[in-house]
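Numbering (my numbering), first residue to last: 23 to 194.
None of these hints come from the bench; they were simulated from the model.
Warning: the hint list may mix true and false statements.
Pairs of lysine-lysine, DSS-like flavour, derived with a Cα cap of 25 Å [unchecked claim]: (1) Lys142 <-> Lys28; (2) Lys190 <-> Lys89; (3) Lys147 <-> Lys116; (4) Lys89 <-> Lys26; (5) Lys166 <-> Lys190.
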Amino acid sequence: YRHKNKLALDLLATVLGGNMSSRLFMRLREREGLCYSINAATENYEGTGVLAVQAGLDTARLPQAIKLIRQELIKVITEPIGLEELNKAKEFIKGKITLAMENSSTQAQWAAKQYIFENKLEDTKQFLVRISQLQARELSLAAKEVINFKQANLALIGPFNSAKPWLKLIKP
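Please model the complete structure; the sequences and the hints are all you need to start from.
Okay, here's the thing in structure tokens:
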């Protein structure tokens, strides 16, 4: 939860699979027709976290989907994110947060998480400013630090005896 690049990783997840104009959604669902749904998100905990990609697809399409997901992850490590794509992701997150903060329960959860995990309280407006200030370089650095195919893991729901054969498609 206290990762120095937490905000950059959240924005990176949005670029990858946070909405219907994200890289994974456009490539795997719209262009290739490989999956019903696909998204990327971060989960943050006290001493650890995860950048996860989830997809709903027919098992016959799994090998191709894994291959393309891996390609997109490599791209965010090796190629800078363009300004237009970065700004779209920023505006998406800022809009989502602004709408969510109209709910008093969400406001309470926001404050509680900050206080419990970060021992501070940050105003929503300050947080939105920090999002606006993020640069593509920060997302690239975060991607290089966190995306590690040697440590990747895979969970499958379906008629599989083991994820090991499929995991070989991810790991080098």
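Here is how each hint holds up against the structure:
1. Lys142 <-> Lys28: Distance of about 15 Å is within 25 Å: holds.
2. Lys190 <-> Lys89: 10 Å, holds
3. Lys147 <-> Lys116: 10 Å, holds
4. Lys89 <-> Lys26: 30 Å, violated
5. Lys166 <-> Lys190: Distance ~21 Å between Lys166 and Lys190 Cα, so the pair holds.
In summary, the one numbered hint that this structure violates is 4.
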